[in-house]
Amino acid sequence: MSVLAQGQVGDPVLNSVVFGAFVVITLYLVYRVGSRGSSTADYYAAGGGLTGVQNGVALSGDFLSAASFLGVAGAIAIHGYDGFMYSIGYLVAWLVNLLLIAELVRNTGRFTMGDVLAFRMRQRPVRAAAATSTLVISLFYMLAQMAGAGAVVALLLDVHTKGGQALIISVVGLIMIFYVLVGGMKGTTLVQIIKAVVLLLCVVLMTVFLLGKFGFSLTALLDQAAANNTKGEKILDPGVQYGRTPITTLDFISLSVALILGAAGLPHVLMRFYTVPDARQARVSVVWTVGIMTVFYGATLIIGYGASALVGSERILSATGRENAAAPLLAFEIGGTVLMGIVAAVAFATILAVVAGLTITASASFAHDVYANILRKGKADPVSEVRVARLTALVIGILAIAGGIFANGQNVAFLVALAFAFAASANLSTLLYSLFWKRFNTNGTLWAMYSGLGSCLVLVFFSPVMSGAPTSIVSGVDFHLFPLSNPGIISIPISFVCGYLGTVLSREKADAAKAREMEVRALTGIGR
Amino acid sequence: MTEVAGRRAVSTPTPPTPPPPAAGGAARQSATFGGIDRPVGAAGGGGPDFDAIHRSPEFTALRSRFRRFVFALTALFLLWYLSYVLLAAYAHEFMSTRVVGSVSVGLLLGFGQFATTILITAVYARWARRRIDPDVARLHDMVGQESAAHEAVGHETAGGGR
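Listed in order, the protein sequences are those of chains A and B. Here my numbering is used: position 479 in the first sequence is 479, and no number is missing along the way. Here my numbering is used: position 32 in the second sequence is 32, and no number is missing along the way.
A few of these clues could be false.
As the list claims (entries may be wrong) - The list that follows gives simulated cross-link-like pairs (lysine to any residue, SDA-like), each with its CA atoms no further than 20 angstroms apart: (1) A/K438 / B/R67; (2) A/K213 / A/F414; (3) A/K234 / B/R98; (4) A/K234 / B/R67; (5) A/K509 / B/A61; (6) A/K231 / B/R98; (7) A/K379 / A/K213; (8) A/K438 / B/A125; (9) A/K213 / B/G112; (10) A/K438 / B/A61; (11) A/K514 / B/D51; (12) A/K438 / A/K379; (13) A/K213 / B/S102; (14) A/K234 / B/L87; (15) A/K438 / B/R68; (16) A/K231 / A/T245; (17) A/K438 / B/D51; (18) A/K231 / A/K213; (19) A/K514 / B/T60; (20) A/K231 / B/T97; (21) A/K234 / B/T97; (22) A/K234 / B/V99; (23) A/K438 / B/T60; (24) A/K377 / A/V197; (25) A/K438 / B/S64; (26) A/K234 / B/S96; (27) A/K231 / A/R315; (28) A/K234 / B/A122; (29) A/K234 / B/T60.
To be verified - Label-pair restraints from in silico Cβ distances: (30) A/Y31 / B/A91: 33 to 43 angstroms; (31) A/L174 / B/L119: 41 to 51 angstroms; (32) A/V33 / B/A115: 32 to 42 angstroms; (33) B/L108 / A/G232: 53 to 63 angstroms; (34) A/F406 / B/A91: 22 to 32 angstroms; (35) B/R129 / A/D478: 34 to 44 angstroms; (36) A/D478 / B/L119: 41 to 51 angstroms; (37) B/T97 / A/A469: 27 to 37 angstroms; (38) A/V395 / B/P134: 17 to 27 angstroms; (39) B/R130 / A/V13: 49 to 59 angstroms; (40) B/H140 / A/L391: 38 to 48 angstroms.
Calculated directly from the structure, the hints in this document are not laboratory data. From a predicted model like this one, the values you see are computed outputs, not experimental measurements. All C-beta atoms in this analysis are idealised placements derived from N, C-alpha and C, irrespective of residue type, glycine included.
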């Protein structure tokens, strides 16, 4: 059976020790920097006092989830070139942030995406829509991370009983809650930064080692990778995973579109732009993120093919965690138990940090958009707003733990891609219209947002993800009507079209003065 | 604390009553722009006169320059990315052509995406530093010293909040 189950690879004790050390160090640091004050700016946005470089590294930490580390490396190891396409999508996506979103969002909002969208619209309905979308996306994304945690636990700590895994998921969740409650945005940022640096060092070292082993010849590495993969030479070319039928090819295009348009609408990414003092620092953040992403995804390509070359696709697929095991197994192959322990700890830290980032975003959206602006009509005092945010973080953390235990072992990898589709459909369209189209109004915002979210949900419900395929969540019945697993290619245009129609068909006139004010603020930052 | 909520105009939204920025903006900023000192549109109260800034030739020039540049770059990278995706999806033979050793056209085009992403980032960052930042700073100066002074006070009271 599994190599790991037989205890031949990796040392669970060592893995736990390395991970434990990471947790102890970060807990201590978070406790030291944590704001015990009750200012909303401190809790949500680290007082806006981070530098662009710090925020850029933290953005990478937020963005590089377990899916993009273990998942992409695994996909390249097994499917070859098609896995590499994920890397490219995740990277190019940052250009949308750089050119159209980061600086303008920084200048027009304060804590949440709702700040930007509601700027010149009717506050309550738009904030409610923004909060709904933020919570749905965060929850889906979080569920994917937490369910992945179960698999990582099984793989790295050699815990195979459901009860044992549930216990560890709970512990991970509690640590995450502590980061968020004690550290606020500052503490969470610190965890992201540490994690990003360790992750980057780790993949760069592995890459350099791999390249050295193959005499710095890419051809040698690729040939060896093809030789040890059951699919052979084909893994060097596109089409292994997605080229089987015209439908899978279309699915691949849909996914690619969702990937590059989604990153700019992810609420936890947007929220990070508020932690820097001005638009220039927001720009610097993205520049650094692009740099880090380039190095990271370049390294992932080598690690993925390296895993195929040195470990072999058969051994990877027979290990606990299957594809996700590629990077840890490779680490063991080249650096023994110590390196595998470090990779294990990094994988854990990744889940921890990403979930913490999502939790603080979701709690900010609830406390700031729903509680302070909808329920209290903007008259909430900051002390109680932060109290609500902390309480929400606690609730969301507990939900994440419950969801992680419930979804443990389920096929939920699609949730990340889905979160991107949601973000691209509901958030990007409304943000762009809001920032660049004067006539856009409340009605259009609501249409764009809810049609994007709704069409995504409906399409996924009737897709092979839910039923009708061997990997579906529901087995036995087949009610699938829509052939694609990723709804982006349909739902993103729907959202843009609905936003347009909702605006031109409504009699409501956009608030022209506020629209002019928003244009000035967005571009210049005057008034902030 | 409370001064944070008051200081930043954007985020003090009071839905039913019209003037969100006025809540904070009026209290701290009485700067006017171009000598016009009447309440601005729905914004009411004081604060920078956004209408006047919006009308000023400096701002219109800045806005069109910004939009032309970023829209053009966006169109460029989207087109390039989409052609790459379509090639990977439908032109398998072309992508599988070996160029050097086992390195294929597909792999090189993939690296090409990396390279253009870096390039566009560098080009934009440099352009914005030279063509946007100075003009933004000039607009800030035009809005007046008074609001700048208030900003500075805001800095202190917010405890480095910006």
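Evaluation of the provided hints:
Proximity of A/K438 to B/R67 is assessed by CA-CA distance (about 14 angstroms); at most 20 angstroms being required, the pair is judged to hold. Annotation: proposed proximity of A/K213 to A/F414 is violated, straight-line Cα distance about 34 angstroms (limit 20 angstroms). Proximity of A/K234 to B/R98 is assessed by CA-CA distance (about 12 angstroms); at most 20 angstroms being required, the pair is judged to hold. Restraint check: the Cα-Cα separation between A/K234 and B/R67 comes to about 43 angstroms, which exceeds 20 angstroms; the hinted pair is violated.
The straight-line distance between the Cα atoms of A/K509 and B/A61 is roughly 26 angstroms, outside the 20 angstroms bound, and the hint therefore fails. Taken as a hint, the A/K231 and B/R98 pair is honoured in the structure, with Cα atoms around 18 angstroms apart against an allowance of 20 angstroms. Proximity of A/K379 to A/K213 is assessed by CA-CA distance (about 63 angstroms); at most 20 angstroms being required, the pair is judged violated. For the given pair, A/K438 sits about 26 angstroms from B/A125 by alpha-carbon distance, which is inconsistent with the 20 angstroms threshold.
For the given pair, A/K213 sits about 25 angstroms from B/G112 by alpha-carbon distance, which is inconsistent with the 20 angstroms threshold. Distance hint between A/K438 and B/A61 is fulfilled; the C-alpha atoms sit about 17 angstroms from each other, no more than 20 angstroms. This hinted pair checks out: A/K514 and B/D51 have alpha carbons roughly 9 angstroms apart, not beyond 20 angstroms. Using a Cα cut-off of 20 angstroms, the hinted pair A/K438 and A/K379 is violated, with the two alpha carbons roughly 28 angstroms apart.
A hinted pair counts as satisfied when its Cα atoms are at most 20 angstroms apart, and A/K213 with B/S102 qualifies at roughly 17 angstroms. This hinted pair checks out: A/K234 and B/L87 have alpha carbons roughly 16 angstroms apart, not beyond 20 angstroms. Of the pairs offered as hints, the one joining A/K438 and B/R68 holds, with about 17 angstroms between alpha carbons and a cut-off of 20 angstroms not exceeded. A threshold of 20 angstroms between alpha carbons decides the hint, and for A/K231 with A/T245 the separation of about 17 angstroms falls inside it, so the pair holds.
Taken as a hint, the A/K438 and B/D51 pair is honoured in the structure, with Cα atoms around 14 angstroms apart against an allowance of 20 angstroms. Annotation: proposed proximity of A/K231 to A/K213 is violated, straight-line Cα distance about 23 angstroms (limit 20 angstroms). Pair hint A/K514 plus B/T60 holds up; C-alpha atoms about 16 angstroms apart against a cutoff of 20 angstroms. A threshold of 20 angstroms between alpha carbons decides the hint, and for A/K231 with B/T97 the separation of about 18 angstroms falls inside it, so the pair holds.
Restraint check for A/K234 and B/T97: the C-alpha separation of about 12 angstroms stays at or below 20 angstroms, so the hint holds. With a C-alpha separation of about 16 angstroms, the suggested pair A/K234 and B/V99 falls inside the 20 angstroms cut-off, and the hint holds. Note on A/K438 and B/T60: the hinted pairing holds, with a Cα-Cα distance of about 14 angstroms set against a maximum of 20 angstroms. Proximity of A/K377 to A/V197 is assessed by CA-CA distance (about 41 angstroms); at most 20 angstroms being required, the pair is judged violated.
A C-alpha spacing of about 14 angstroms is found between A/K438 and B/S64, which places the hinted pair at or below 20 angstroms, so the restraint holds. Under the criterion of a C-alpha separation no larger than 20 angstroms, the hint pairing A/K234 with B/S96 is consistent with the structure, at around 9 angstroms. About 14 angstroms separates the Cα atoms of A/K231 and A/R315, which keeps this hinted pair within 20 angstroms; it holds. Note on A/K234 and B/A122: the hinted pairing is violated, with a Cα-Cα distance of about 35 angstroms set against a maximum of 20 angstroms.
As the CA atoms of A/K234 and B/T60 are separated by approximately 54 angstroms, the hinted pair breaks the 20 angstroms bound. With their beta carbons about 55 angstroms apart, A/Y31 and B/A91 fall outside the hinted range of 33 to 43 angstroms. Evaluation of the 41 to 51 angstroms hint for A/L174 and B/L119 yields a pass: the beta carbon distance comes to about 45 angstroms. Between A/V33 and B/A115 the Cβ separation comes to about 38 angstroms, which falls inside the hinted range of 32 to 42 angstroms.
Distance hint for B/L108 and A/G232: a CB-CB separation of about 21 angstroms, inconsistent with the stated range 53 to 63 angstroms. Distance hint check: the CB atoms of A/F406 and B/A91 are about 43 angstroms apart, inconsistent with the given range 22 to 32 angstroms. About 57 angstroms separates the C-beta atoms of B/R129 and A/D478, a value inconsistent with the hinted range of 34 to 44 angstroms. Taken as a hint, the range 41 to 51 angstroms holds for the pair A/D478 and B/L119, whose Cβ atoms sit roughly 48 angstroms apart.
Checking the proposed 27 to 37 angstroms range against B/T97 and A/A469 shows it holds: the Cβ atoms sit about 33 angstroms from each other. With their beta carbons about 47 angstroms apart, A/V395 and B/P134 fall outside the hinted range of 17 to 27 angstroms. In this structure the supplied range 49 to 59 angstroms holds for B/R130 paired with A/V13, their Cβ-Cβ distance being about 56 angstroms. Between B/H140 and A/L391 the C-beta distance comes to about 39 angstroms, which sits within the given range of 38 to 48 angstroms.
When the structure is compared with the earlier hints, violations turn up for hints 2, 4, 5, 7, 8, 9, 12, 18, 24, 28, 29, 30, 33, 34, 35, 38 and for no others.
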